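Chemist: Here are the chains, one letter per residue:
2 protein chains.
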Amino acid sequence: MKLNAEQLRQFAEEGYLFFPNCFSEEEIALMRIEGEKILKLDRQEVWREKTGAPRTAFAAHTFNEVFRLLAHHPRLVEPLEQVFGEPVYVHQFKLNAKAAFEGDIWQWHQDYGTWARDDGMPEPRAMNIAVFLDEVFPFNGALMLVPRSHKHGTLQAGHDKLTTSYPLWTLDQETVTRLCAEAERPGQPGIVAPTGKPGSVLMFHGNLVHASAPNITPYPRKIIYLTLCAVSNHITKFTRPEWIAHRDFTPITAVADEALLEYARAHRIAAE
Amino acid sequence: MKLNAEQLRQFAEEGYLFFPNCFSEEEIALMRIEGEKILKLDRQEVWREKTGAPRTAFAAHTFNEVFRLLAHHPRLVEPLEQVFGEPVYVHQFKLNAKAAFEGDIWQWHQDYGTWARDDGMPEPRAMNIAVFLDEVFPFNGALMLVPRSHKHGTLQAGHDKLTTSYPLWTLDQETVTRLCAEAERPGQPGIVAPTGKPGSVLMFHGNLVHASAPNITPYPRKIIYLTLCAVSNHITKFTRPEWIAHRDFTPITAVADEALLEYARAHRIAAE
Chain F
111 MKLNAEQLRQ FAEEGYLFFP NCFSEEEIAL MRIEGEKILK LDRQEVWREK TGAPRTAFAA
171 HTFNEVFRLL AHHPRLVEPL EQVFGEPVYV HQFKLNAKAA FEGDIWQWHQ DYGTWARDDG
231 MPEPRAMNIA VFLDEVFPFN GALMLVPRSH KHGTLQAGHD KLTTSYPLWT LDQETVTRLC
291 AEAERPGQPG IVAPTGKPGS VLMFHGNLVH ASAPNITPYP RKIIYLTLCA VSNHITKFTR
351 PEWIAHRDFT PITAVADEAL LEYARAHRIA AE
Chain A
111 MKLNAEQLRQ FAEEGYLFFP NCFSEEEIAL MRIEGEKILK LDRQEVWREK TGAPRTAFAA
171 HTFNEVFRLL AHHPRLVEPL EQVFGEPVYV HQFKLNAKAA FEGDIWQWHQ DYGTWARDDG
231 MPEPRAMNIA VFLDEVFPFN GALMLVPRSH KHGTLQAGHD KLTTSYPLWT LDQETVTRLC
291 AEAERPGQPG IVAPTGKPGS VLMFHGNLVH ASAPNITPYP RKIIYLTLCA VSNHITKFTR
351 PEWIAHRDFT PITAVADEAL LEYARAHRIA AE
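Top line first, the protein sequences correspond to chains F and A.
When we follow the working numbering, the leftmost residue of the first sequence carries the number 111, and every step to the right adds one.
When we follow the working numbering, the leftmost residue of the second sequence carries the number 111, and every step to the right adds one.
Excised from the complex, chain F in its bound form:
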């Protein structure tokens, strides 16, 4: 998947791009089944909310074939190679559960803030590409983005180890208020919260400020976050476990576009 000139311009200007229905229902059904299995596993890569509900599963691409294919998928890898102008590697792979009723808050933050401070990543030449496994409604913890906030570089942040089970470098209320006010346009607030069917994809700049509210509905909101980093921009500090911030900087070679579909069909045949 290649971005056109208008998409590249919009990404540079707004800091994000949204692709509704980027993966088919058949591809997503496969990933959803595998995702649910992984969130039930009792292993160090699966973190839980304070209530015990799953919060985040790391590194599923290293132990699950479906997610290995996803991490090498041309619809995700090619746009990022294009933006960075060089090959990319997998810096992080997360499945965020945002479980029904129990999925907790992610406070306002920039991803690159964590990658720089904790992992010694030289430049914000890495970013998240989110794949919706469930439908994202306005009310089940949709990701909220502050458009254009990536232009401010890396903002001052505090290390929040208390609010949730996951430590995060978060922004203060004054900063978020200022950025949202700057992002307002006539008749429009300074926050966008893309919603869409399973299979939709959202890519956003490593410095784009974002957050998500708790999910208090019966509708889970599982999203895969694939973080791809330009190979020349690999991390230099190894303070976090290898399965959170990967140390294998091998450039990704994309699989075929139909790889997930073929797996789904072969798997179904094998299961019958």
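No lab work stands behind these hints: they were computed from the structure.
Since this is a predicted model, take the numbers as computed values, not measurements.
Heads up, some of the hints might be wrong.
Which copy? The list can't say, so a pair holds if one copy fits it or any two copies do.
[Said to hold, decoys possible] Straight-line Cα separation of at most 25 Å, SDA-like style, residue types lysine to any residue; simulated pairs:
1) K261 - E123
2) K147 - V302
3) K307 - T287
4) K160 - E284
5) K160 - H219
6) K160 - T285
7) K307 - E292
8) K307 - E212
9) K147 - Q266
10) K261 - F211
11) K261 - P299
Assemble chain A onto chain F, guided by the hints.
Modeler: Relative to the frame of chain F, chain A by itself:
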């Protein structure tokens, strides 16, 4: 304001009605200024979140002229007289702040569950009519309703005194999951979350199941909830303070439709 046959049918079927821009910008500007003043008051009627941010101010219609006019406003009073077929009185008057960054959750509940259990209200012949003082966006704690859930009568509930600063009879996750599943329609989830400009009005049945998520954005979401009860259905138990569950069952005589506007204009002239 009178409801037409289609609105009456929709209310009976769905359990709610939404009126965008029911009050003008001038009327709302007046109420917003007064509302902000009230939320700063240090008096027993103003409850705070655990963080200290304002949560709910009760009974403002008893000590503020603008809100006295609102509680007697024909756009709110007449539809409820029409639905109940008799005069109404003010059972409760709340300003819910859902403050920027700090407005906390309201768990899933039915209002009549509280009125019946705590106040001995005989029948669900009272309801809330919500007036948006701020713009309600999908992301700043919009009220979530489960359509048609009012048809289940009063559901079993537990008394939650821990989650927030306000005790509430709340429904369990299984019940909410079941009601949402029943409320689903092809391509539509079992939750609606009406959004709209300040001045929009939402009326909903006393047994309609609803909740709202925390507000983690810089956009406050102040809503006035005027609870009107059919006079013949007045409460019979006085366990809560008078300023939470009123004991004056005098039928409301509506003021003129332009009463708020006239107050705004007179007030502005007086202030100059």
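Chemist: Against this structure, judge whether each hint is valid.
Modeler: Right, here's what the structure says about each hint:
Proximity of K261 to E123 under the C-alpha cut-off of 25 Å is restricted to the intra-copy arrangement: shortest distance 8 Å within a copy versus 49 Å between copies. Taking the shortest Cα distances, K147 and V302 never come within 25 Å of each other, neither inside one copy (31 Å) nor across copies (30 Å). Taking identical chains as interchangeable, the C-alpha atoms of K307 and T287 lie at most 25 Å apart only when they sit on different chains, with a minimum of 20 Å there against 30 Å within one chain. Taking identical chains as interchangeable, the C-alpha atoms of K160 and E284 lie at most 25 Å apart only when they sit on different chains, with a minimum of 20 Å there against 28 Å within one chain.
Within a single copy, K160 and H219 get their C-alpha atoms as close as 20 Å, and across copies as close as 23 Å, so both meet the 25 Å cut-off. Taking the closest pair of Cα atoms, K160 and T285 come within 25 Å of each other only across two copies (23 Å); inside a single copy the shortest separation is 28 Å, beyond that limit. Taking CA atoms no more than 25 Å apart as the test, K307 paired with E292 passes between copies only; the shortest distance there is 20 Å, against 30 Å inside one copy. Taking the shortest Cα distances, K307 and E212 sit within 25 Å of each other inside one copy (21 Å), while across copies they are farther apart (30 Å).
Taking the shortest alpha-carbon separations for K147 and Q266, neither the intra-copy value of 38 Å nor the inter-copy value of 33 Å comes in at or below 25 Å. Taking CA atoms no more than 25 Å apart as the test, K261 paired with F211 passes between copies only; the shortest distance there is 23 Å, against 35 Å inside one copy. For a Cα distance limit of 25 Å, the shortest separation of K261 from P299 inside one copy, 18 Å, qualifies, whereas the shortest one across copies, 36 Å, does not.
Hints 2 and 9 from the list above are not met by this structure, while the remaining hints are.
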